[in-house]
Amino acid sequence: MAYLGMIVLIPLTMVFMKTASMGFHDFWQAVAEPRVAASIRLTVLTALAAAIVNAVFGLLIAWVMTRYTFPGKKLLDGLVDLPFALPTAVAGIALTSLYSPNGWIGQFLHVKVAFTPLGIIIALVFIGLPFIVRTVQPVIENIEKEVEEASAILGAVPRQTFRKVIFPQLLPSLITGFSLAFARSLGEYGSVVFIAGNIPYKTEITPLIIMTKLEQYDYSGATAVACVMLVISFLLLLVINLFQWRISNRWVRS
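Numbering (the numbering used here), first residue to last: 7 to 260.
Hints may contain errors.
[Said to hold, decoys possible] Below, computed lysine-lysine pairings styled on DSSO-like, alpha-carbon distance capped at 30 Å:
1. Lys-79 to Lys-170
2. Lys-219 to Lys-208
3. Lys-79 to Lys-151
4. Lys-208 to Lys-118
5. Lys-170 to Lys-151
6. Lys-151 to Lys-80
7. Lys-24 to Lys-219
[As the list claims (entries may be wrong)] Derived DEER-like restraints, expressed as beta-carbon distance ranges:
8. Lys-24 to Gln-113: 41 to 49 Å
9. Leu-66 to Val-96: 22 to 30 Å
10. Asn-255 to Gln-222: 47 to 55 Å
11. Arg-252 to Leu-160: 26 to 34 Å
Just so you know, the hints here were simulated from the structure itself, not pulled from any lab data.
Ideal Cβ placement from N, Cα and C applies to all residues, glycine included.
Given these sequences and hints, build the entire structure.
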């Protein structure tokens, strides 16, 4: 508990204390800037979109890696963890090189990816995918085959078995992975700052706003924006966890 307090609670408390010392007028002036509001909206929406994409494809990858054997399976298993080990700045540079208009992938696309919100979503998908896969994969491995066989004996087709038997067991872990990927995306800086282009009101993320204010020695403004992001993150994660709790209780009762 003491370790948790030193690492998590004390720093967060200091952020709120620093914000409280500003006064409401200064706080509102710092967070109500149109540029700050635009960056918060962009950060939350792109993080949410990336988490949804990761939930879909992460579940698919976890299912394939657990239920099927194929050449290169161990290589794929290692590649899933690559975003954990790769420095975020390196990931950002690599993604920018790939998706820039003259990049290896970008030159063949008919839509602009780099320096757009779409590029931000791709970067967040890259860094958030392992959270879904590694959270869902153990649950898939522990699902008893007898349950699926019983469902088939009772006349259920594979689609019905997945929807009514397997997916309810996966949903709590999927929501956990979703919340982890979403939380990571909200604060991501290194992999996004290169591919975003950092155009004010268009592709400027909130972590960059905070860094810019710190470089300008506007510590109060940076703290105010950080406090707003903390509150937004906490409320969104609270809603997600409440939803997960309801789903888990419903599954236990059934």
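Okay, the hints, checked on the actual structure:
no. : hint                           : result
1   : Lys-79 to Lys-170              : 28 Å, holds
2   : Lys-219 to Lys-208             : 18 Å, holds
3   : Lys-79 to Lys-151              : 22 Å, holds
4   : Lys-208 to Lys-118             : 14 Å, holds
5   : Lys-170 to Lys-151             : 15 Å, holds
6   : Lys-151 to Lys-80              : 23 Å, holds
7   : Lys-24 to Lys-219              : 15 Å, holds
8   : Lys-24 to Gln-113: 41 to 49 Å  : 47 Å, holds
9   : Leu-66 to Val-96: 22 to 30 Å   : 26 Å, holds
10  : Asn-255 to Gln-222: 47 to 55 Å : 48 Å, holds
11  : Arg-252 to Leu-160: 26 to 34 Å : 27 Å, holds
Against the hints set out earlier in the document, no violation occurs for any number.
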